[in-house]
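Residue numbers (my numbering), protein chains in the order written: chain E, 1 to 385; chain Z, 1 to 421.
Take these hints with a grain of salt, some might be off.
[Claimed, not checked] Derived DSBU-like pairs (lysine-lysine); straight-line CA-CA distance at most 30 Å:
no.: 1; chain 1: E; residue 1: K318; chain 2: Z; residue 2: K38
no.: 2; chain 1: Z; residue 1: K260; chain 2: Z; residue 2: K287
no.: 3; chain 1: Z; residue 1: K388; chain 2: E; residue 2: K228
no.: 4; chain 1: Z; residue 1: K73; chain 2: E; residue 2: K41
no.: 5; chain 1: Z; residue 1: K216; chain 2: Z; residue 2: K61
no.: 6; chain 1: Z; residue 1: K221; chain 2: E; residue 2: K301
no.: 7; chain 1: E; residue 1: K62; chain 2: E; residue 2: K79
no.: 8; chain 1: Z; residue 1: K216; chain 2: E; residue 2: K18
no.: 9; chain 1: E; residue 1: K94; chain 2: Z; residue 2: K297
no.: 10; chain 1: E; residue 1: K102; chain 2: Z; residue 2: K388
no.: 11; chain 1: Z; residue 1: K216; chain 2: E; residue 2: K102
Keep in mind the hints are simulated off the structure, nothing from the lab.
Chain by chain, the residues run as shown.
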Amino acid sequence: MELNTIKDAFDRVAKRQKLFSSKSQEVVDQVGHEIEQALAKIQASNDPLSPIDLKSILTELKLKLNTMDPLHQLEGLQKERNINLSKYPKLLEKSFNPDISKAYRNVDFDFHIVNQILASHFYRQGLFDLGDCLINEAGEPEAIAIRSHFLEMYQILEALKVKNLEPALNWITANREKLKQNGSTLELKLHRLQFLEIIQKGTKGDALSYARTYLSPFASLHMNEFQKLVVCIIWVGKLDSCPHAELMAPAHWEEFTVELTQHFCSLVGQSSPSPLSVAIAAGIEGLPTLLKLANVMAAKKQEWLAIKQLPVPVELGKEFQFHSIFVCPVSRDQCSEENPPMLMPCLHVLCKQSIMKLSKSSSRIFKCPYCPTEASAAQCRQLYF
Amino acid sequence: MEIDPLPNGSGSVGTTIPEAAATTTAATAALKTTPSSKLSQLTESLKLEHQLLRVPFEHYKKTIRANHRAVEKEVSSVISSVADVADCNEPSKEDAVLNLTSLVSRLQGLKRKLEEGSRTENLQAQRCRARLDHLESVDAENLSEWNNVRLKRILVDYMLRMSYYDTAMKLAESSNIQDLVDIDVFQEAKKVIDALRNQEVGPALAWCVDNKSRLKKSKSKFEFQLRLQEFIELVRAENHMRAILYARRHLAPWGATHLKELQRVMATLAFRSNTGCAKYKVLFEPKQWDFLVDQFKQEFCRLYGMTLEPLLNIYLQAGLSALKTPYCYEDDCTKEDPLSQDSFRKLALPLPYSKQHHSKLVCYITKELMDTENPPQVLPNGYVYSTKALKEMAEKNNGTITCPRTGLVCNYSELVKAYIS
Ligand SMILES: [Zn+2]
Ligand SMILES: [Zn+2]
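Chain E extracted, bound-state conformation (with noise of 0.2 Å):
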């Protein structure tokens, strides 16, 4: 798309624009002298001022409007102008999509959902008052239960700007159980950055007490990552020359809390990304396509609302991939519960109805499509993505 030339485009409409707003002044000026001047006429001369000369000096300023047509003067302004102005929405319709709403269904979007997804994402962006202030106009009735999760979640992320690794490690010791299920290294982690601070701030025995008391637990575990850590107090003063001066960079603590926040909103049960922000992704990716598609179907007079699902794929990035779909190469059906993906002896997977077809119904040895191995029903398996 080329923007530049709707940019010429506009900047003409606003040239022509600001020709004509100052024309029109002058206009309206030269108009206001003009009375002015028969104005000034009229009180200069001497009393009595006869009816007649009164007379031919309004005559004579009406003859001037007249022939001055202020109004006419700016005729070809305008029309110029005009021109502009009309020719530019339609640049932008040829540019741009000018219906994106083709390919809407319109069903009852229940708003009262839509406002709940909203609120949570806001609450998820720890924007609280943006939330409770959406709730509040739309009247919604129901409180929005994740909030106090995130409420709680951005408490820890605050303190963690500051430094203060407390509430942290609050929330990290009652959910040990849960995180360490989930193979999370968090506590360690924690530990690290807390044991570093004292190791830039504080004296040799504060960190090697801290080591004792908070590291140690994770000595037989990670021990490579232990001795790296405890051999830093060497040099507490002269950290410059500590060959692990990388393990004090601040991406440490960025890092830090990207993770504690995808182990907090995994543990109350969201993802880490707002869904909301994911679903909006995928609609702006999908949309293009999907509008192609509502064209070309009422192009074909085909009912754009009554499909169960898209006759074409709408192509997204890998990061929207949640689902393995197995799609058949013989049948190009995608594969269900009824209908799963078989493994054949010669590692190609078919569906299982294509199996059946090819098998005449488990009845005879088949000849596998991609390769001349020959396999019978029975020696396909089942496989699960």
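For chain E, the structure is supplied; the task is to place chain Z with the ligands on it using the hints.
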């Protein structure tokens, strides 16, 4: 979604909103791997932004027209006043001075109005320009921040259409995107909507007068609907004589084009507002006013070149349709899928399922796409995981594999690669 560690140097993201960091890295990672497809996608998505440019332009045009009308009206009226004074048979000096002085001050008033109007025009032109610049500003580096802003724009649009003005303004101000959203345009709608909710048609009728030519062009019958409602209110108040007068004056002109509706409404004169006759009863229901509000919103959106539906609904529907698979409604749908949540599932119910022409296999363990570089491997029980996940598991456990879904234990050497075409 797999989250890469923060790239060094991009320090500003991540600290305030961790999610932003997560999406940034994911987005930049995606961008690095397939820059051309991501960028062509971006171009495609920019084409969806018609409304962003059209609405401020319509607003600008409206101001221009109003200013122009003011000049035409005042100047021609001043000129004809001058003619009146000049044509007066026996002019007196005092009268002439008085008249001309008042004309001069009228022109001065017009001048002030024009200066003010021109300032408004310039501000609105700047806004049009700012939006063009905003569209142009997107590139690979600021893509995720730009996308965040786009989401906010979409949310503000939704809230304005739903009349959640406070929240809309709060969001716009706190994100500093006032130039990119149409709060002032919607202020104009708010006056009309508030009045209609109070069962007053005045501001709506005034709005119709303001936009007469454009409403006529689109063959709108909104004004007629407003008039009908006023008529109904007169009948409700049993003010029959006034109702008839009103009909003669305001409804009759629509007879040529909307005779049927006119007749139906006129027939209410024979009924009382508590009529049991369903055909007429409905005309007296208060929800007729809600209908007028909806009708107004549609006319308003059409006039400004907006979609009739909130952008949010349009994008949400598209996104949910593209994401919707039969698996989404199963219990084990991953949390990362918006459709794992009840709210999104409900919204997606009436939407079509997505379609795939080619297999897309996602590893249950790593959630990564399995492809030729990271091919799927089959356990003896038929469960499939990515090579990457299984290799890692085997390395950690001396070559032993434990199926996370069935608990089956086997050896890495027992796995076979599946060929997916
Ligand atoms: Zn084969
Ligand atoms: Zn799902």
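Legend entry - 30 Å Cα cutoff - pair K388 (chain Z), K228 (chain E): Holds - the C-alpha atoms of K228 (chain E) and K388 (chain Z) are around 28 Å apart, at most 30 Å.
Legend entry - Hinted pair K216 (chain Z) and K61 (chain Z), Cα distance within 30 Å: 17 Å, holds
Legend entry - Pair hint outcome, K73 (chain Z) versus K41 (chain E) [Cα-Cα no greater than 30 Å]: Status holds; Cα separation ~27 Å.
Legend entry - Satisfaction of hint between K18 (chain E) and K216 (chain Z), Cα-Cα up to 30 Å: 29 Å, holds
Inset, instruction - Below or equal to 30 Å on CA atoms is what counts here, so check K94 (chain E) against K297 (chain Z). - result: Distance of about 25 Å is within 30 Å: holds.
Inset, instruction - For the pair supplied as a hint, K318 (chain E) and K38 (chain Z), confirm whether the alpha-carbon distance does not exceed 30 Å. - result: Holds, at about 12 Å.
Inset, instruction - Given the hint that K62 (chain E) pairs with K79 (chain E), test it: the Cα-Cα distance must not exceed 30 Å. - result: Given pair K62 (chain E), K79 (chain E) holds - Cα atoms ~27 Å apart, limit 30 Å.
Inset, instruction - Starting from K216 (chain Z), check that the Cα of K102 (chain E) is at most 30 Å away, please. - result: 24 Å, holds
Legend entry - Distance restraint between K102 (chain E) and K388 (chain Z), which requires alpha-carbon spacing of 30 Å or less: 43 Å, violated
Inset, instruction - Starting from K221 (chain Z), check that the Cα of K301 (chain E) is at most 30 Å away, please. - result: It holds: about 28 Å lies between the C-alpha atoms, which stays within 30 Å.
Legend entry - Restraint check for K260 (chain Z) with K287 (chain Z), where alpha carbons must lie at most 30 Å apart: Holds, at roughly 21 Å.
Taken one by one, the earlier hints fail for this structure only at number 10.
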